[in-house]
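Peer 1: Now for the letters of each chain:
2 protein chains.
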Amino acid sequence: MNNLGLKAKKAGREISRTESGKKNSALLKIAEVIELSVDKLIAENAKDLQAGKANGLDAAMLDRLALTPKNILSMTEGLKQVAALPDPVGEITDLSYRPSGIQVGQMRVPLGVIGIIYESRPNVTVDAAALCLKSGNACILRGGSESIHSNQAIAACIAKGLSEAGLPTESVQIVATTDRSAVGELITMSQYVDVIVPRGGKSLIERISKDATIPVIKHLDGICHVYIDDKADIAKAITIAVNAKTHRYGVCNAMETLLVAESIAEKVLPALAEQYLEKGVELRGCPKTCALIPGCSTATEEDWLTEYLAPILSIKIVDGLNEAIEHINHYGSLHTDAIVTEDYSKARRFLREVDSSSVMVNASTRFADGFEYGLGAEIGISTDKLHARGPVGLKGLTSLKYIVLGDGHIRH
Amino acid sequence: MNNLGLKAKKAGREISRTESGKKNSALLKIAEVIELSVDKLIAENAKDLQAGKANGLDAAMLDRLALTPKNILSMTEGLKQVAALPDPVGEITDLSYRPSGIQVGQMRVPLGVIGIIYESRPNVTVDAAALCLKSGNACILRGGSESIHSNQAIAACIAKGLSEAGLPTESVQIVATTDRSAVGELITMSQYVDVIVPRGGKSLIERISKDATIPVIKHLDGICHVYIDDKADIAKAITIAVNAKTHRYGVCNAMETLLVAESIAEKVLPALAEQYLEKGVELRGCPKTCALIPGCSTATEEDWLTEYLAPILSIKIVDGLNEAIEHINHYGSLHTDAIVTEDYSKARRFLREVDSSSVMVNASTRFADGFEYGLGAEIGISTDKLHARGPVGLKGLTSLKYIVLGDGHIRH
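As given, the protein sequences belong to chains A and B, one line each in that order.
Quick note on numbering: the first sequence equals residues -19 to 392 in our numbering.
Quick note on numbering: the second sequence equals residues -19 to 392 in our numbering.
Below, a list of computed lysine-lysine pairs in the DSSO-like style, where the Cα atoms sit at most 30 Å apart:
#	chain 1	residue 1	chain 2	residue 2
1	A	-10	B	211
2	A	-10	B	182
3	B	375	A	198
4	B	27	B	182
5	B	-10	B	375
6	A	198	A	-11
7	A	-10	B	198
8	B	182	B	-11
9	A	-11	A	375
10	B	375	A	190
11	B	-13	A	182
12	A	-10	B	190
13	A	2	A	60
14	A	190	A	-10
15	A	198	B	198
16	B	-10	A	268
17	A	211	A	268
18	B	216	B	247
19	A	190	B	182
20	A	198	B	190
21	B	268	A	-10
22	B	182	B	259
23	A	198	B	-10
24	B	-13	B	190
Keep in mind the hints are simulated off the structure, nothing from the lab.
Between the sequences and the hints, there should be enough to build the whole structure, so can you do that?
Peer 2: This is the structure:
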């Protein structure tokens, strides 16, 4: 691991000063190599799938683990998209003269070496490598042990692409061992690694955050809320609340709790409940909600704190905006929360006062996503408050340093 | 401590949505109250000074601890300056339409609750409170135990000013106990505190970073370099190198190591050495440097890694730009480094490739400072790579959340 770190740091220095054109050509070369290696990748992946089956992985996990011609194509398309994104590195902003005569500005720079720890999906190997490379960072990738053959085959493609483009192959390194202690080393090598990005379930992320001595960009719960205000347009409210819950269930930006202003509840909840029940969504409500919706079970305190990631929804009737904001700031997870309202002042207050990484007016929480936001791709969604909040794209993998231009200026 | 945290979190919510005008009027009220309390402050400070003398504090520490009419005036001027700065909170940037029809932008928001741990200087109490308040954050301040009476007297002024302005007095809280375990609690109350800013010596900061479970904005060493390139203007080089070392010795942005291109060393070093020796600066050089400067002692490996904070300078003759950049990135502390050159391409490379929070061309490292950069004031200088690098002003105490505006938009 130490050797990996040392090499990554060295490669990181080189990649940090590499021109955009060269980085882009490396990304395209990697895509080319992957396109030529589909059979090999699928063969290596078959070993992982076979081992996975033997080890009793469930169908969902095997599905995430599988490489198919279709998801290999989406990997190479991802590489081409990242190549097409503007390079954030070296951008200089706010360069202006100070009274002393010096010019002061800020330059966007890579973070250095990024350690990425993820679970079984092998496509993360390519996505993460592409984002790190484009943002001028070296990376050390530690995928799930279930996908070790797939990841090593992908890593070989990446290394070939890098080398064909004349970039150091150590810019992207895969931890070749499935030994768990490697993770422990990776997250404490502060002399080599600048930031850790864990991707996976909450327990993985909590474990890593607890033990890491390096800053972690983390994504914990997605307890997202939609608040239907008394001044909501009912048609919009229903469309958004249905989309936010039922578009996909297992995603972090799905709504988990619906808040409804008391004075509009009677008009909106029965119609909404009908659509949810039709889609098989289990409803758990506060007593007032239960009185309006037959078949709704009573929500417990625990429900307001739960990310179901499933066709379950908790519903609470609130007095109005103040109680809604208070509920979200208390029970929410700083992820994504939306208000549905036609009221200008309430929209303005909700945007300012809800302390989440994405705050929305009259839009589905499902939009909280790097592609939808125009970041091109994301390495994850941060629920931290420092550095990067919300979808983390190329900029989230960089920082700003100050630059000062003088002409022999000294301080008096 | 728990109670302090709970109150801070509540006050933080209120202060985060407080209008700029009200925050500014609180800052000015606090200044007013302090102006009316000079005698009281000096009397309370006298208790600390007396105890400090009895406990054998040295003259430098007593000097930092002392409140005088002059430094009280500079505290109130600081408050007025912060009041005059633009409010960073709520600023919306990059709001633009996406193909889906939603508008996506970013809003600058406070971090929440900031814990500040500092050593004996009581003026930090006012400076830190002012920056946190203006940036919409609540803060919990833990000053050195030597200044407990002074800090409590200042805290009373702050509380009075806040309350006269109609803001919650819990926005700024002082840890009233000198018990060391309070620090341990403060840096692990992740449910209440969002970030820790330690201000003080390296050992304090290292200790806090090690034990904190909350993100820390830290300032470790300031091992700053000036590199005199072979294309340097010799007059500028001498002026800058003298200023960077001798303007003040005990500051983090003073030069600690001078690098000189071999081909210009003979022309610049003897003249420079003369000025340093005149000012009583001890010189420690590489063998080539020692050959050029009589009386220069030989530098050890340890010297390149040392922040002297004293009239001592290490000097190394390097081949040229590549070796200079390599030396800085290897031995430096990511703080501030400068090149002196008239060569456009070398200046361009130095700016891009030196990985420090401030990188300068033809200017003294002494400019690395919040006031000089136009930030108005600083809570510290960060040598971290995430979140904020270099002088941390109001913006460094905020973060960006995404805002999304739609009109019933859902994801397809």
